[in-house]
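**Student:** One letter stands for each residue in the lines below.
6 protein chains.
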Amino acid sequence: MNRPPEDSKPPGTALSHISPDGRARMVDVSGKAVTCRTAVAEGWVTLNADTMALLQEHGGAGKGDVLQTARIAGIQAAKRTSELIPMCHPVATDVVNIEASLVENRVRLIVEAVASGRTGVEMEALTGASVAALTVYDMLKAVDKGIEIGPVRLISKSGGKSGDWQRDASRQE
Amino acid sequence: MNRPPEDSKPPGTALSHISPDGRARMVDVSGKAVTCRTAVAEGWVTLNADTMALLQEHGGAGKGDVLQTARIAGIQAAKRTSELIPMCHPVATDVVNIEASLVENRVRLIVEAVASGRTGVEMEALTGASVAALTVYDMLKAVDKGIEIGPVRLISKSGGKSGDWQRDASRQE
Amino acid sequence: MNRPPEDSKPPGTALSHISPDGRARMVDVSGKAVTCRTAVAEGWVTLNADTMALLQEHGGAGKGDVLQTARIAGIQAAKRTSELIPMCHPVATDVVNIEASLVENRVRLIVEAVASGRTGVEMEALTGASVAALTVYDMLKAVDKGIEIGPVRLISKSGGKSGDWQRDASRQE
Amino acid sequence: MNRPPEDSKPPGTALSHISPDGRARMVDVSGKAVTCRTAVAEGWVTLNADTMALLQEHGGAGKGDVLQTARIAGIQAAKRTSELIPMCHPVATDVVNIEASLVENRVRLIVEAVASGRTGVEMEALTGASVAALTVYDMLKAVDKGIEIGPVRLISKSGGKSGDWQRDASRQE
Amino acid sequence: MNRPPEDSKPPGTALSHISPDGRARMVDVSGKAVTCRTAVAEGWVTLNADTMALLQEHGGAGKGDVLQTARIAGIQAAKRTSELIPMCHPVATDVVNIEASLVENRVRLIVEAVASGRTGVEMEALTGASVAALTVYDMLKAVDKGIEIGPVRLISKSGGKSGDWQRDASRQE
Amino acid sequence: MNRPPEDSKPPGTALSHISPDGRARMVDVSGKAVTCRTAVAEGWVTLNADTMALLQEHGGAGKGDVLQTARIAGIQAAKRTSELIPMCHPVATDVVNIEASLVENRVRLIVEAVASGRTGVEMEALTGASVAALTVYDMLKAVDKGIEIGPVRLISKSGGKSGDWQRDASRQE
Chain A
11 MNRPPEDSKP
21 PGTALSHISP
31 DGRARMVDVS
41 GKAVTCRTAV
51 AEGWVTLNAD
61 TMALLQEHGG
71 AGKGDVLQTA
81 RIAGIQAAKR
91 TSELIPMCHP
101 VATDVVNIEA
111 SLVENRVRLI
121 VEAVASGRTG
131 VEMEALTGAS
141 VAALTVYDML
151 KAVDKGIEIG
161 PVRLISKSGG
171 KSGDWQRDAS
181 RQE
Chain B
11 MNRPPEDSKP
21 PGTALSHISP
31 DGRARMVDVS
41 GKAVTCRTAV
51 AEGWVTLNAD
61 TMALLQEHGG
71 AGKGDVLQTA
81 RIAGIQAAKR
91 TSELIPMCHP
101 VATDVVNIEA
111 SLVENRVRLI
121 VEAVASGRTG
131 VEMEALTGAS
141 VAALTVYDML
151 KAVDKGIEIG
161 PVRLISKSGG
171 KSGDWQRDAS
181 RQE
Chain C
11 MNRPPEDSKP
21 PGTALSHISP
31 DGRARMVDVS
41 GKAVTCRTAV
51 AEGWVTLNAD
61 TMALLQEHGG
71 AGKGDVLQTA
81 RIAGIQAAKR
91 TSELIPMCHP
101 VATDVVNIEA
111 SLVENRVRLI
121 VEAVASGRTG
131 VEMEALTGAS
141 VAALTVYDML
151 KAVDKGIEIG
161 PVRLISKSGG
171 KSGDWQRDAS
181 RQE
Chain D
11 MNRPPEDSKP
21 PGTALSHISP
31 DGRARMVDVS
41 GKAVTCRTAV
51 AEGWVTLNAD
61 TMALLQEHGG
71 AGKGDVLQTA
81 RIAGIQAAKR
91 TSELIPMCHP
101 VATDVVNIEA
111 SLVENRVRLI
121 VEAVASGRTG
131 VEMEALTGAS
141 VAALTVYDML
151 KAVDKGIEIG
161 PVRLISKSGG
171 KSGDWQRDAS
181 RQE
Chain E
11 MNRPPEDSKP
21 PGTALSHISP
31 DGRARMVDVS
41 GKAVTCRTAV
51 AEGWVTLNAD
61 TMALLQEHGG
71 AGKGDVLQTA
81 RIAGIQAAKR
91 TSELIPMCHP
101 VATDVVNIEA
111 SLVENRVRLI
121 VEAVASGRTG
131 VEMEALTGAS
141 VAALTVYDML
151 KAVDKGIEIG
161 PVRLISKSGG
171 KSGDWQRDAS
181 RQE
Chain F
11 MNRPPEDSKP
21 PGTALSHISP
31 DGRARMVDVS
41 GKAVTCRTAV
51 AEGWVTLNAD
61 TMALLQEHGG
71 AGKGDVLQTA
81 RIAGIQAAKR
91 TSELIPMCHP
101 VATDVVNIEA
111 SLVENRVRLI
121 VEAVASGRTG
131 VEMEALTGAS
141 VAALTVYDML
151 KAVDKGIEIG
161 PVRLISKSGG
171 KSGDWQRDAS
181 RQE
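Chains as they are written, first to last, in my numbering: chain A, 11 to 183; chain B, 11 to 183; chain C, 11 to 183; chain D, 11 to 183; chain E, 11 to 183; chain F, 11 to 183.
If you are wondering where the hints come from, they were derived from the structure by calculation, not from laboratory data.
There could be a bad hint or two in this list.
If several chains are the same, the list does not tell them apart, and a pair holds so long as it fits within one copy or across any two.
[Claimed, not checked] With a Cα cut of at most 20 angstroms, we get these calculated SDA-like pairs of lysine to any residue:
(1) K171 x V153
(2) K171 x D60
(3) K42 x A152
(4) K42 x Q66
(5) K42 x S126
(6) K42 x S168
(7) K42 x R118
(8) K42 x K171
(9) K42 x M62
(10) K155 x S166
(11) K171 x L112
(12) K42 x N58
(13) K155 x G41
(14) K42 x R116
(15) K42 x A63
(16) K155 x Q66
(17) K42 x V153
(18) K42 x S172
(19) K155 x D31
(20) K42 x A102
(21) K171 x V113
(22) K42 x G32
(23) K42 x G169
(24) K42 x G156
No experiment lies behind these values; they were computed from the predicted model shown.
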């Protein structure tokens, strides 16, 4: 069994998670350098006006509890990303932090993940944002089942062979 | 320790996951009837034109593998929803099915969850859709880190005390 | 392979988790009735005066966050009890609730677990109390590594063949 | 999103798991050195005389099985500490060892955890001790539901910026 | 989204886990009756003569510990089968019991799983046998890395629509 | 608590997972060097002629889906080996790859695991092979419950103090 060279991709494509014969695979990172990697992702949850009013009026404790439960759920999920995403590598995150805030009628969740390793932490940040957003939905679904999650997307990353990446300001809301 | 009556809510609110004194809590479902519950959720992933071309040109195996890996990841995550979402009840799902398709420049994931139990399966469907969408991102992120996930949202549910619910056609894309 | 009759115990003993030939085993509950079962457990964490002062002075947000993080961790762990305790049965808990309060220089965690099933939920309540207590320790260990956890113990249970049980008031603090 | 400097603490406090604005957070360990870290914790379980007699009379196999099941459960839980304790970092433990012995009418569990990493392993040792103690309870609860767990506490630690720590002999039993 | 009728299979095949359009799926069991289901599986591990001698000479404690660790690992894995096998349903097992014995130069593991549910427990029994066998390998691999696992296979099952099944005596060793 | 020297073994034996006093234990790897480790394992699943015909005739999609589901399940299980095998160390695998092919009436699964660490990845490769084989069984069990898994065995390993190891060609099929 010959391992393909690091980051080999099918001819004519750039899908590193697909092998030359077209099958899903993990990327072999054994030849990559251990560097400090960071990623920041954001997740949005759009509430209707009544639900947002309820969340705010319920004030200190209530809002705090919804947002803090979401933050804790997101942190815990980020640490378990490799269990959830089949081709993800296990990563020992140095920190996962989540900020939750209200922006007009939406909840904004910003997740930063940091690790020293051979692979990036984009998926950790995005998984944290998704599960935090799902938790906001869960805490509020008795009031409005129509709440929408999204966009969930990467804001920036640093470290690793592919280097730094920043979302175009023009593509951000 | 007196358990609050089923579904008790803080005065003036409808946040069943917040206790009268403002703390996150599980809802007590011990008094609820066991009924068949279903939920359908959808998740969208927006690709740029190049990535979509790559996904399609890569054709049979490649596209299949990206979408099937996403489907399997979503099914597995849906079964573990109560581990991820702090206030969710453990549910023995009777089935979780995921359909993945390409709609213009987007991937659409439809997740149906079914269970007989005392609590709904909306979170199972939404968690399946989110993790399937994250997996699509993971499989394609080497090509475009800017891929966006969302909306992830409930389409319909049936069963339980709150009965049937259907997303307004006008709110659907 | 003959299954031993329900609740068979080694001759002369009452250790249902030890087989007649002296080996750890799960108890076969397939013949037991499905009834509503409850259990209440408590867990204590003893702080020194400085740490307690810090926790209280840090006031609203700080204390709330330490205790709420502990409550969420305990609820999540209680739902996963059968993963942690080798001979425990999987249980679909109808609710796990945790109250956290300060009693002099101690944190008191009271956990109630409820389920409809063939087996009791004592271990769910005790596991929730233990993990909530460990989380309090984790949140405060930068201040005092000497913090002690305990006692963690059952307060009461109801339901099932063995019926109701209540801790002697004389054995409670 | 500016990451706070390593180990920053709220003004006037030392609660590293609480952010300056009073929210639970993981500590950022990305700037810490990788060193060998050890921690030893103990956990006690107090039995009544009858239960202890039963445990001992049941002799070789029985006692061995109760204690060995507890040891295995504790080792497995210690490896999964970061899943259970929300703000804990994933740690690749080099070893977790548990000694179980009977001291008068109590079971004593001593857990040692060792890892090379950026963060200590106190929580791993304490989690191992707690889950081992819970398992002893589970194995014996058919005989006595009143069994008490505790104290569970740190005995010593070494390595890391905060250096060595040893429980006062005067505070030990 | 129309759910296929229960147990629908692709035309001309009997692969219930493959949808008519050729994709992996969970079987919808929501229409199935809750009945008591049992399954017995066996797993074999073949040692060389030296390793078997070592295992036996090491006698009481040693052999016991290898086999008991394997039994506990198998029980715990059986309870988590639906996490490991993508299309498996969550099942609340009423009991999982494992017998381990030495037969000439082989270790024989017999696993019985029992549950009341809408789906069989064959996978629980087989997963328990596989993980118990892997644990025997792990405990002995320092002596012989060439140890072979297998066969792992179903011996019998009962309950459910497909009724009872028994392995042909002629196909058993 | 004195830790035994690295790799200490009971007198007269080579069972590193058994302590001198005969109890299961993790091996202390804190003194071992971090090196690149690889392991290759294989797992076989024997089908009867009808099932194999069905698998092949079902052709592209069907066969692909059975084998790909098995591959994904095996990769995910390999990443969680330390949760399943009690004395295994957590390992951050750099890659797990699985090849699945049909050889006469059998499915052959080859798993390669690679990691940089203080401990080998044999168990990761073997666990991946076992769970992939169980998944093949699960996908086909509606057709034939008599399908046999095995042998599951190590083919080769490299790295670490014990160096390289290769299965005798004469012992391979």
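**Student:** Evaluate each hint against the coordinates.
**Tutor:** Going down the list of hints, with the structure as the test:
{"no.": "1", "hint": "K171 x V153", "in the structure": "between (46 angstroms within a copy, 14 angstroms between copies)"}
{"no.": "2", "hint": "K171 x D60", "in the structure": "neither (47 angstroms within a copy, 22 angstroms between copies)"}
{"no.": "3", "hint": "K42 x A152", "in the structure": "between (47 angstroms within a copy, 15 angstroms between copies)"}
{"no.": "4", "hint": "K42 x Q66", "in the structure": "neither (47 angstroms within a copy, 30 angstroms between copies)"}
{"no.": "5", "hint": "K42 x S126", "in the structure": "both (12 angstroms within a copy, 11 angstroms between copies)"}
{"no.": "6", "hint": "K42 x S168", "in the structure": "both (15 angstroms within a copy, 19 angstroms between copies)"}
{"no.": "7", "hint": "K42 x R118", "in the structure": "neither (34 angstroms within a copy, 30 angstroms between copies)"}
{"no.": "8", "hint": "K42 x K171", "in the structure": "within (8 angstroms within a copy, 23 angstroms between copies)"}
{"no.": "9", "hint": "K42 x M62", "in the structure": "neither (46 angstroms within a copy, 28 angstroms between copies)"}
{"no.": "10", "hint": "K155 x S166", "in the structure": "between (31 angstroms within a copy, 9 angstroms between copies)"}
{"no.": "11", "hint": "K171 x L112", "in the structure": "neither (36 angstroms within a copy, 31 angstroms between copies)"}
{"no.": "12", "hint": "K42 x N58", "in the structure": "neither (46 angstroms within a copy, 28 angstroms between copies)"}
{"no.": "13", "hint": "K155 x G41", "in the structure": "neither (47 angstroms within a copy, 22 angstroms between copies)"}
{"no.": "14", "hint": "K42 x R116", "in the structure": "neither (40 angstroms within a copy, 32 angstroms between copies)"}
{"no.": "15", "hint": "K42 x A63", "in the structure": "neither (49 angstroms within a copy, 29 angstroms between copies)"}
{"no.": "16", "hint": "K155 x Q66", "in the structure": "within (18 angstroms within a copy, 34 angstroms between copies)"}
{"no.": "17", "hint": "K42 x V153", "in the structure": "between (48 angstroms within a copy, 19 angstroms between copies)"}
{"no.": "18", "hint": "K42 x S172", "in the structure": "within (11 angstroms within a copy, 25 angstroms between copies)"}
{"no.": "19", "hint": "K155 x D31", "in the structure": "neither (43 angstroms within a copy, 24 angstroms between copies)"}
{"no.": "20", "hint": "K42 x A102", "in the structure": "both (16 angstroms within a copy, 14 angstroms between copies)"}
{"no.": "21", "hint": "K171 x V113", "in the structure": "neither (35 angstroms within a copy, 33 angstroms between copies)"}
{"no.": "22", "hint": "K42 x G32", "in the structure": "neither (23 angstroms within a copy, 38 angstroms between copies)"}
{"no.": "23", "hint": "K42 x G169", "in the structure": "both (12 angstroms within a copy, 18 angstroms between copies)"}
{"no.": "24", "hint": "K42 x G156", "in the structure": "neither (44 angstroms within a copy, 23 angstroms between copies)"}
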